[in-house]
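K.L.:
Letter by letter, the chains look like this.
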Amino acid sequence: MTPFKSISSKLIPIDVINIDTDQIIPKQFLKLVQKTGYDKFLFYDWRFDKDGNPKREFVLNNPSYRDRTILLVRENFGSGSSREHAVWALRDFGIRAIVAPSFADIFYNNCFKNGVLPIIINHDHIEYLFNHAETVKINIDLTAQSIEFDSNIIHFEISESNKKMLMEGIDEIGMTFNFESYISDYEKTKSTYSLGVV
Amino acid sequence: MSSTNSIRHNLPRTLFDKIWDDHVVYQQSDRAKKQPTLLYIDRHLVHEVTSPQAFEGLRIKNRSVRRPNLTFATMDHNVPTSNRSLPLVDNTSAMQMQALKQNCNDFGITLYDMDSPNQGIVHVIGPELGLTLPGSTIVCGDSHTSTHGAFGALAFGIGTSEVEHVLATQCLWVNKPENFEIRIDGIFKNSHSLTAKDIILYIIRSIGTSGGNGAVIEYRGEVLSRFSMAERLTICNMSIECGARAGLIAPDSTTFEYIRDRLFAPKGKDLDNLINIWQDRLRSDNSAKFERTISIDVSNLAPQITWGTNPSMVIDITDSIPYPDEYSHGNDGLKKAALRALNYMDLTPGVPITNIDVDRVFIGSCTNSRLQDLIEASNVVKGRTVAPNVRAMVVPGSQLVKTQAERIGLDEVFKDAGFEWRDSGCSMCLGMNPDILSSGERCASTSNRNFEGRQGTGGRTHLMSPVMAAAAAVKGKFTDVREML
Ligand code: SF4
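Protein chains in written order, with my numbering: chain P, 559 to 756; chain H, 624 to 1108.
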């Protein structure tokens, strides 16, 4: 995973609320067993017609947007299925950050494990960005937890652990192994009243 | 246990708080910073779609599965629902299923594969096999893990990276969600034509697809205590459709009786002792604090049906297709979504939904494929035939459900009426196997998601209860099942 510090880019706007992960990557592409190479399936049914030809009007097919790395979306982005393939597809396509007024919970968690930064900012700023999406350039500074555009500098929230995961690209499982004594203590002493087999 | 914890335990707690506290392995002291808590996971359910990359991750780092005996796998998403003796037509599906077999073999995990009598949709077989127990924590790389909350278990869906984490550590870092209470009140005329599905669709209609974000919903109220486990599972199953991390229902005698004699559930005296503890502990204290509370009155509920492309776009069966302004109440985003949905669904505002013809009927999915669902649907179908314009199928949630249904002759009722009677799996809930809609086809479906393309690219899904789907199959159009029972 590429450690994340700061990025600047113009925006890729998709002005639809409640975009679910079935749209971000349709089910026919979940049959693969590898973790990379999903970029060509991103928003497949929105991006390609039934013969597989790119739909001109869809923003991801616009060549002048192709080098942009920040997605701008509406409320409740990533709802529905837990498929992490949705984040893999965005990441493989080159998306490094997603700016939205809100995200669905599982999708939000999945982002951090794959070096993608989801940023929540308020509706007014979102509205402004959609209105200027053609031209406005965004600077995201993860260390300072700030996002800067035109004359605005906005602070965004992120938990210490998620921030660390993005900035250092840490191996979360390796980190949890440091808590081995707590885990085995739990297994020895608290082994639950709920499970016959534990 | 530290002293701060025991002080906190004297405060009134919700059911969710209690299960959470019981599973804390490690908690950072600085709670203000919203640091995640390390939680112990009692059960890890695995299926073929969201696990291959997790096992691959273990292999790369030379790691093992910490508690293979707490991990159970099945194949459900890709499996064909007919002619299982034939080779799979889809190579990539076959490879994914083969990968799960290999992984379970290599890492010592119990697998119910395509040919097992215990095979089925992961959220149907968990309860059926006694893997889903009150007070436990359950995860699966699948958003509908919320289903298992019907037993008073804390159960939630996770991504593939988290699947790998649980395999390796049997734990998960989680930020504690909020407590959200939904009271289901009123006199529910559970008259065979109204079901748990109508209640949960009505709830999602009321709070929207993100109304439960960041929360665990505890469903409470008299209506639930009269509900069977099948009905409670249907309610908790769709908690994720309003964005909740999990749904919960406090266990009671109905729950405990269900668990008795299940394959993996504790037995005899052990179970009795557990039931005593469960009864005592697994309820929200009287003055426990919920961050959010709403109450829903179901006295005058009509059968519910979706018209659009997310599970909150719901109307009564007696309603007409809504106008975008009527649906959006001035919210611009919702209005655009309504326009887009009307276009995708090829529907005209103002037209009664009962005027609209259907092409396909799907009775199945982890929402509505249990024995009770099939019995209820069969009561509508009995002595009637599927309309000539309709192709209808029943896909039992598990092979066990299938066998039980056949024992009481349901297969004959459905087949006589012209339904296809299939083997168990996710099937047309998401169409990863060959069961898909063609572009433009309209389906009356008992599943949980009506997203664009969910059941097949260009397919149009309307969600409803099993009895409503059965009625649509017979009439060839959306129908108020109350007129038929
Ligand atoms: S039946 Fe549908 S919702 Fe349930 S697990 Fe299978 S694909 Fe997911």
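FYI, nobody ran anything at the bench for these hints, they're computed from the structure. Ideal Cβ positions, reconstructed from N, Cα and C, are used throughout, including at glycine. Watch out, some of these pointers could steer you wrong.
[Claimed, not checked] Lysine-lysine pairs mimicking PhoX-like chemistry, simulated, CA-CA at most 25 Å apart: (1) P:LYS748 to P:LYS598; (2) H:LYS799 to H:LYS657; (3) P:LYS613 to H:LYS958; (4) P:LYS748 to H:LYS958; (5) H:LYS959 to P:LYS746; (6) P:LYS593 to H:LYS657; (7) P:LYS748 to H:LYS724; (8) P:LYS671 to P:LYS598; (9) H:LYS724 to H:LYS799; (10) H:LYS684 to P:LYS593; (11) P:LYS608 to H:LYS1038; (12) P:LYS746 to P:LYS593; (13) P:LYS722 to H:LYS684; (14) P:LYS721 to P:LYS695; (15) H:LYS890 to P:LYS748; (16) H:LYS958 to P:LYS671; (17) H:LYS657 to P:LYS721.
[Claimed, not checked] Label-pair distances were calculated between CB atoms; the ranges are: (18) H:PRO635 to P:LYS598: 19 to 29 Å; (19) H:ILE900 to P:LYS746: 37 to 47 Å; (20) P:TYR686 to H:SER739: 47 to 57 Å; (21) P:MET733 to H:ILE900: 43 to 53 Å; (22) H:SER708 to P:GLU685: 50 to 60 Å; (23) H:ILE900 to P:GLU685: 19 to 29 Å; (24) P:ASN619 to H:ASN728: 35 to 45 Å; (25) H:ARG849 to P:GLU685: 38 to 48 Å; (26) H:GLY1032 to P:ASN619: 33 to 43 Å; (27) H:GLN658 to P:ASP743: 14 to 24 Å; (28) H:PRO691 to P:LYS563: 49 to 59 Å; (29) H:GLU914 to P:LYS563: 47 to 57 Å; (30) H:ASP808 to P:SER742: 40 to 50 Å; (31) H:SER739 to P:ASN611: 41 to 51 Å.
K.L.:
Could you check the structure against the hints above and give me the numbers of any it violates, in ascending order?
P.N.:
1, 4, 5, 6, 7, 9, 11, 12, 16, 18, 19, 21, 23, 26, 28 and 29
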